[in-house]
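**Q** What follows is the residue order along each chain.
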Amino acid sequence: MGETLKYLLIIFGVLTVMMSIAAGLIWVERRLLGFWQDRYGPNRVGPMGVLQPLADVIKILAKEDWIPPFADKPVFILAPAIIVITVLLAFAIIPFTPGIAVANLNIGVLYFLAMSSLGVYSVALAGWSSANKYSLIGALRASAQMISYEVFMGLSLMGVVMLAGSFNLYEIVEAQRKLWFIVPQFLGFVVFLIAGVAETHRLPFDLPEAESELVAGFHSEYSGMKFGLFFVGEYLGITLISMLITTFFFGGWLGPFLPPVVWFFIKTFFFIGFFILLRAALPRPRYDQLIRLGWKLMLPLALLNIVATGGIILAAR
Amino acid sequence: MGTGNASVIDELKQKFGGQAIIPQETKDGVPTVWVENGLVHEVLQYLKTGSGSKKRFRMLYDLTAIDERVRKQREGQPESDFTVVYHLLSYDSNQDVRVKTAVREGASLRSITDIWPAANWYEREVWDMFGVRFDGHPHLRRILMPPTWQGHPLRKDHPARATEMGPFRLPEDKSMEEQEAMKFHPEDWGMVPPREDTDYMFLNLGPHHPGTHGLLRIILALDGEEIADSVVDIGFHHRGAEKMGERQSWHTFIPYTDRIDYLAGVLNNLPYVLAVEKLAGIEVPDRVKVIRVMLSELFRIESHLVWYGTFAQDLGALSPVFYTFYDREKMFEIIEAVCGGRMHPSWFRIGGVAQDLPKGWDGLIRNFLDWMPARMAEYDRIIMKNSLFKARTRGVGAYTLDEAIEWGVTGPNLRACDFEWDWRKKRPYSGYEWFEFDIPTAHVGDSYGRALVRVEEIRQSMRIVEQCMKNMPAGDYKSRHPLSTPPLKARAMQDIETLIDHFLNVSWGPVIPAGEAAVGIEGAKGNNTYYLISDGSTMSYRTRIRTPSFPHMQTLPMLAKGLTIPDLISILGSLDFILADVDR
Numbered sequence: 001m002g003e004t005l006k007y008l009l010i011i012f013g014v015l016t017v018m019m020s021i022a023a024g025l026i027w028v029e030r031r032l033l034g035f036w037q038d039r040y041g042p043n044r045v046g047p048m049g050v051l052q053p054l055a056d057v058i059k060i061l062a063k064e065d066w067i068p069p070f071a072d073k074p075v076f077i078l079a080p081a082i083i084v085i086t087v088l089l090a091f092a093i094i095p096f097t098p099g100i101a102v103a104n105l106n107i108g109v110l111y112f113l114a115m116s117s118l119g120v121y122s123v124a125l126a127g128w129s130s131a132n133k134y135s136l137i138g139a140l141r142a143s144a145q146m147i148s149y150e151v152f153m154g155l156s157l158m159g160v161v162m163l164a165g166s167f168n169l170y171e172i173v174e175a176q177r178k179l180w181f182i183v184p185q186f187l188g189f190v191v192f193l194i195a196g197v198a199e200t201h202r203l204p205f206d207l208p209e210a211e212s213e214l215v216a217g218f219h220s221e222y223s224g225m226k227f228g229l230f231f232v233g234e235y236l237g238i239t240l241i242s243m244l245i246t247t248f249f250f251g252g253w254l255g256p257f258l259p260p261v262v263w264f265f266i267k268t269f270f271f272i273g274f275f276i277l278l279r280a281a282l283p284r285p286r287y288d289q290l291i292r293l294g295w296k297l298m299l300p301l302a303l304l305n306i307v308a309t310g311g312i313i314l315a316a317r
Numbered sequence: 001m002g003t004g005n006a007s008v009i010d011e012l013k014q015k016f017g018g019q020a021i022i023p024q025e026t027k028d029g030v031p032t033v034w035v036e037n038g039l040v041h042e043v044l045q046y047l048k049t050g051s052g053s054k055k056r057f058r059m060l061y062d063l064t065a066i067d068e069r070v071r072k073q074r075e076g077q078p079e080s081d082f083t084v085v086y087h088l089l090s091y092d093s094n095q096d097v098r099v100k101t102a103v104r105e106g107a108s109l110r111s112i113t114d115i116w117p118a119a120n121w122y123e124r125e126v127w128d129m130f131g132v133r134f135d136g137h138p139h140l141r142r143i144l145m146p147p148t149w150q151g152h153p154l155r156k157d158h159p160a161r162a163t164e165m166g167p168f169r170l171p172e173d174k175s176m177e178e179q180e181a182m183k184f185h186p187e188d189w190g191m192v193p194p195r196e197d198t199d200y201m202f203l204n205l206g207p208h209h210p211g212t213h214g215l216l217r218i219i220l221a222l223d224g225e226e227i228a229d230s231v232v233d234i235g236f237h238h239r240g241a242e243k244m245g246e247r248q249s250w251h252t253f254i255p256y257t258d259r260i261d262y263l264a265g266v267l268n269n270l271p272y273v274l275a276v277e278k279l280a281g282i283e284v285p286d287r288v289k290v291i292r293v294m295l296s297e298l299f300r301i302e303s304h305l306v307w308y309g310t311f312a313q314d315l316g317a318l319s320p321v322f323y324t325f326y327d328r329e330k331m332f333e334i335i336e337a338v339c340g341g342r343m344h345p346s347w348f349r350i351g352g353v354a355q356d357l358p359k360g361w362d363g364l365i366r367n368f369l370d371w372m373p374a375r376m377a378e379y380d381r382i383i384m385k386n387s388l389f390k391a392r393t394r395g396v397g398a399y400t401l402d403e404a405i406e407w408g409v410t411g412p413n414l415r416a417c418d419f420e421w422d423w424r425k426k427r428p429y430s431g432y433e434w435f436e437f438d439i440p441t442a443h444v445g446d447s448y449g450r451a452l453v454r455v456e457e458i459r460q461s462m463r464i465v466e467q468c469m470k471n472m473p474a475g476d477y478k479s480r481h482p483l484s485t486p487p488l489k490a491r492a493m494q495d496i497e498t499l500i501d502h503f504l505n506v507s508w509g510p511v512i513p514a515g516e517a518a519v520g521i522e523g524a525k526g527n528n529t530y531y532l533i534s535d536g537s538t539m540s541y542r543t544r545i546r547t548p549s550f551p552h553m554q555t556l557p558m559l560a561k562g563l564t565i566p567d568l569i570s571i572l573g574s575l576d577f578i579l580a581d582v583d584r
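As you go down the protein sequences, you meet chains A and B in turn. Residues in the first sequence are numbered consecutively from 1, following the working numbering. Residues in the second sequence are numbered consecutively from 1, following the working numbering.
Simulated from the structure, these hints should not be mistaken for laboratory data. All figures in this text were calculated on a predicted structure; none of them were measured in a lab. Hints may be right or wrong, so weigh each one.
DSS-like mimics (lysine-lysine), calculated; alpha carbons at most 25 Å apart, straight line [stated by the list, open to error]:
| # | chain 1 | residue 1 | chain 2 | residue 2 |
| --- | --- | --- | --- | --- |
| 1 | B | K390 | A | K296 |
| 2 | B | K385 | A | K296 |
| 3 | B | K385 | B | K426 |
| 4 | A | K133 | B | K385 |
| 5 | B | K243 | B | K156 |
| 6 | B | K330 | B | K470 |
| 7 | B | K183 | B | K72 |
| 8 | B | K156 | B | K27 |
| 9 | A | K133 | B | K183 |
| 10 | B | K489 | B | K359 |
| 11 | B | K330 | B | K359 |
| 12 | A | K73 | A | K63 |
For reference, chain B alone in the conformation it holds in the complex (with noise of 0.2 Å):
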């Protein structure tokens, strides 16, 4: 990044004018910039395809709002309502671009799904959330939210607990609404009709399903047991996280990270607190950095190993998912001496981590570092050498390399299309620049070459944790930084300042600046960026967290078509995806 941000703004101002281009400064150096209304269509058309132009951006990383009517610090920025922000991300140059436009209350936009078939999710969130309508969307419903919700709740005048509504009510007639509102009509969901000579039998696949992995439903329009069809619903899981974004301090919100994508652990809290140090501008000291790579790399096993076993569980083959599951509990050992936490350590904080290391976690490490690869030797020739595992898995759910940029895949399932693409190495974050390892590719981009992907990336994390625990550096478990938070024990006892500032902090909770910053990390699944802007208060003015498996599950419908029921369920445990992770 960095480099060449004015060039982007510059190229965009020559092509449409000094007027319609208004930059924006931002905590993060992405290149921001307003564009009218009316323009937007076209400058998102220009940044896609560009005439002639080098960078190219291919994939819309991330579509969302700002509720903006009672934000006070936003000098420079044109007057808005509701601020629609489109992130997009360039391969070719390894740049962003974050193009914001302003919307009136009650007033609608030009919808995007021509440029970019993903923005279709992404449109009817922000319409679910904001009440922002986008004019052309082939099909805009809420998304997250039952249709009978009423309003839209990232709306800062809605409602964000429980005890600020009525006590809820469920009456007769209004059950009887709602179960009328439930009945099944394929027109409702934009699904194809039928052609004259067949008639589809639809099949409820979920939202209580063993295939799904939790509360998803598919519906299937069936020819057969072919998908003629399919309509993914999604929003069964949603616990506005980013609503809790809004309303919990900046430390307090660090617990509901973890539950995000909840089999990822710290590896949700790194975006998180590197958005704040980033407008908090903390530096943190390079053992925190270490600490935080060993956490996420361990982490980042642990999801695979999950997958790794449920996979195979998916197609039929039912023990190793308890293998794999054993060799988890072999890292909780490590995750509970460092963190006392399983699954949810809520270990990093802003400007460090929680404690330091106890004693003896080398040790621990190097067992589990030890114990590892004969295991992995083993699936290897269980699974991903099982021929049946092989039949089901090949030429099954493939998209190519374009598609797969087209609908804003990442991680894991970007790289199984031959793509070599990994943030920890492209856009080095908390110290990566500092380790030696691969990024594990495949060559097509079915769900075998997914699951390869993974299989590889469990070896390499390995790699990196050994390498940390070889070279962990001295120092703090935490910046010296005042926004830290907590503040070190051990400095706070020094004088009333540093009580006074050590009180606050852990009472009200820390004052970030004011600003916009966003910080992807290579997630467990894919990228995982927070954006959030603070408004210079002890909270977050608006928490955006774009997470990989959203998009990861719109691509379902295209590469189930035309294949049978046992397809989807070995595409649906090769995209990886976690049910909090889509609708968070």
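Chain A on its own, in the form it takes in the complex (with noise of 0.2 Å):
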């Protein structure tokens, strides 16, 4: 029985912290931008603007719940619902302290990668139903996109499952106690990164919504709060990225003085800080040079990187 309310206190735990995250992301980037782009941000609503979200839901909520008649309706409220499930689900995994996670699964990368594959449901049949050109070209794009760049952000990570010798999230941060893996997987680590801005779609690889080409893309026929929950999936799929980046290269909830879970955030804000940094310093590139460069120059990166470190354990054997 405490065992199993344990585990309830924890999913509902999770869940809270990461809808305030994604909610309170929104009025983080929103102020980090406007002080890198030298003007103010939202700081109207409640001190220094922190109630901006909760405006902002109120009245996306209370915004018509609009359906465009020429879409496919079941599927067209399908989509947003997809994103924020297959990100959240992928949450369970996430070992914010040693004790602290929803499941302990020893196949956790794999779990990982199979849920944001799922993600990319929700932006092709959002494009899809829509029956908007824009939103069709959007969601061919992404879908081409994510595949692609699915690929090797799995091959990015088989050099630390090498190392760590586990699928297991627990046991690839216990392996980094002597040393993160940032150190012997820079390279996974620069390959993981740009795929998973790839995967959030942000700027600069923002293209299925690239704003001045295609409107919105994908979601240029949402309103109302469907487009909130697109809109709180890429903040939940941006803190979820962070974290994977901690849990895998950074030693997780690893360092000295402070609480595990305390060093566990700070190390993810940071990632956050740089998501945020990117889209505020990067132009984007074009639909032909995002893939190519994803197969020509990040395959074989994740390919090297895995031979090397397979060499290189075999050596040290």
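Reconstruct the complex from the two isolated chains, following the hints.
**A** Below, the structure written as structure tokens:
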């Protein structure tokens, strides 16, 4: 009984924390972008504008829940839910501290890859069901981009798995007690980071929604809370990728003096900040350039990383 | 100009016979000849390719028409209902020539689209505005007005004001008719039929789209993301500026010019007031010239800054637009202090400028000049040297120098093709010969080259502004010529004559002597020309505004063919057009 209650608490806790972070990020991102772009950002609602997400939610919920008459209704409604659900499910394997995680899966890495693959459905179905040409092009780009980058996102993690000798995220973190994997797996880290940006389709890889080209891409037809879900899904995605980078390459909760959970979130927020900075700093490549980068550079690098890591491990034996 | 004017006319007379070529005197000294309908095509072809002639007029600079039916003062000119005017430019000899031909009501003319592809849109415009048909035009349909429009707006019998027409009504059947007319049929737009094995996706980019910078519709025939064909639909921003020119007094039209290239403020006033001054024979004091140059260059900087930021934004970089707009605000501080206005200062006057410079103007300019260089260096780092930016712009939308000239491309877009040509240097006006500055060029006429030229132009304009600041001559801010409008207030209070003069010039507006003059300047986007015809009244008889964005926009389908949507956005941004400048 006590065990069940504990798990329920953890599940509920993780859900609450994740949703709050996603909402909070809306404010954080806008304030940070404002700071980097010589302007204020939202600073009216509550102290320093921290209640802005609340105002946004009220506004977005109060909007007319409109579905275009030409859209494929059930799929149109389902699509935004998929992204939030798959990303939230992926949080289940994150080890926040040695004791706090929803599931201690021994195939954690594979589970995460599976969930992120499912996320593609959200974008593809949203674009398809909208029956809008811009949405369609956005969805096509998203599918191609996410499928391509999925390949070496998985491959880039194989070095980590080899070093840790496990797919379990706990054991991956524990294996970093002596040395964070960022050092032996630097190449893997770079590939994973870039693939992560592409997975969350954030600038510079925001081609599926490239505003100046495709209006809003796959979610052009969405409004109200359905649009809100895509929005939340994006921030959840950033958080997820940041937490995974922390877990795979930066020793997860490991760190001196401070409690493990604090270390975990410090590292996570560092990468979230990096994601936002990317958006403030870079222009967007063209679609074919992105795909070319993926297959011609990222894939060989990921493979090279596996071969090198494997070779070194064998040699060390 | 000036030198060798006679020789072009002589050459034409020699070639086509003295009877066929009738010269006309104009106030701007551009050699102007009247030619029979049937001979126009041949004469233009000769002027362009000429048999061994060194003065090849390779650019069709402008093509427009004049409704002559109610014009009173046209001594020595052949009978005409509608006069079609071809304005050609020679880069070999830095010379213009104007060819006119008289067209009778209902008659048509042979199209010259086979000589210059750029004639396509111009002929469509003349058809749309005057109802002159062009035989052999590949696709003669309305360009600025909607397809359901009745009449031809620039005809003198077409109403100019809403009060001259009945109240607007949109009953059910008319509404349905308009809806029907909006239905899209690719063949109506002259689009290529798809190959047998492919089915194109037609994408409507615009009229409302974040990447088009205003109301512009581009119809794309897409094969995947590749652009198989595209058609530009303009006219959404058409406000009848030329028609308004015919019902405003010479003075009260100045604010309308501001709104043509709405980012370039007084740079629009300049060719207009210069043309009026040429008609009126006004010489302005040196101080006026330098003030005008200074303000014009500030607006060139402003226009380029807006382009810089928005171009980066088109390519996905979100931050630069905030930085450049911040700098633009700094520039506007000067403009506010000097003119009182911001984007539309309407500050130049016939014969001078509205007011003298305020106290402390030089300090403001000093601050701006001290502020900008560091910012420009930063933009170089974050935009021009950014490898993603380069990947998106290098080799995208390139044209050769020959193509550019063929299509009527001017300004920075022409200079990007490694061609050092700037009217501020080649035909100095308003005192530009007094200033030291370079003409930036780029080696490849692609999106990146066009960007390079503009960035460097900002620096050159700052040099000019600095020289203006350091060498501002003393003197009047307005000419003492009786046609200066409004006259200097201090001079109005002398006696009854000057008072009446002031009163009439302000209430009715000045009467500008009859004649024709065109003055072109190096605008922010390219060459901007006002071709004014006075019939000796308080209003212009014909105001032709030749804007750079119009021909630039026409090059888009050629540049975008075979590329993708992101490239199209990159090209659009790098062409630096203003839709009000396209549509007028």
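**Q** If a hint holds in the structure, say so; if it does not, say that too.
**A** Results of checking the hints against the structure:
1. B:K390 to A:K296: Cα-Cα ~19 Å, so holds.
2. B:K385 to A:K296: It holds: about 24 Å lies between the C-alpha atoms, which stays within 25 Å.
3. B:K385 to B:K426: Violated: K385 of chain B and K426 of chain B sit about 31 Å apart, past 25 Å.
4. A:K133 to B:K385: Roughly 34 Å between the alpha carbons, so the hint for K133 of chain A and K385 of chain B is violated.
5. B:K243 to B:K156: The hint holds at about 9 Å.
6. B:K330 to B:K470: Holds - the C-alpha atoms of K470 of chain B and K330 of chain B are around 20 Å apart, at most 25 Å.
7. B:K183 to B:K72: violated (44 Å)
8. B:K156 to B:K27: Holds, at roughly 24 Å.
9. A:K133 to B:K183: Since the Cα atoms of K133 of chain A and K183 of chain B sit roughly 17 Å apart, the hinted pair holds (cutoff 25 Å).
10. B:K489 to B:K359: holds (19 Å)
11. B:K330 to B:K359: Roughly 18 Å between the alpha carbons, so the hint for K330 of chain B and K359 of chain B holds.
12. A:K73 to A:K63: Holds - the C-alpha atoms of K63 of chain A and K73 of chain A are around 18 Å apart, at most 25 Å.
Violated hints, listed in ascending order, are 3, 4, 7; each of the other numbered hints is respected by the structure.
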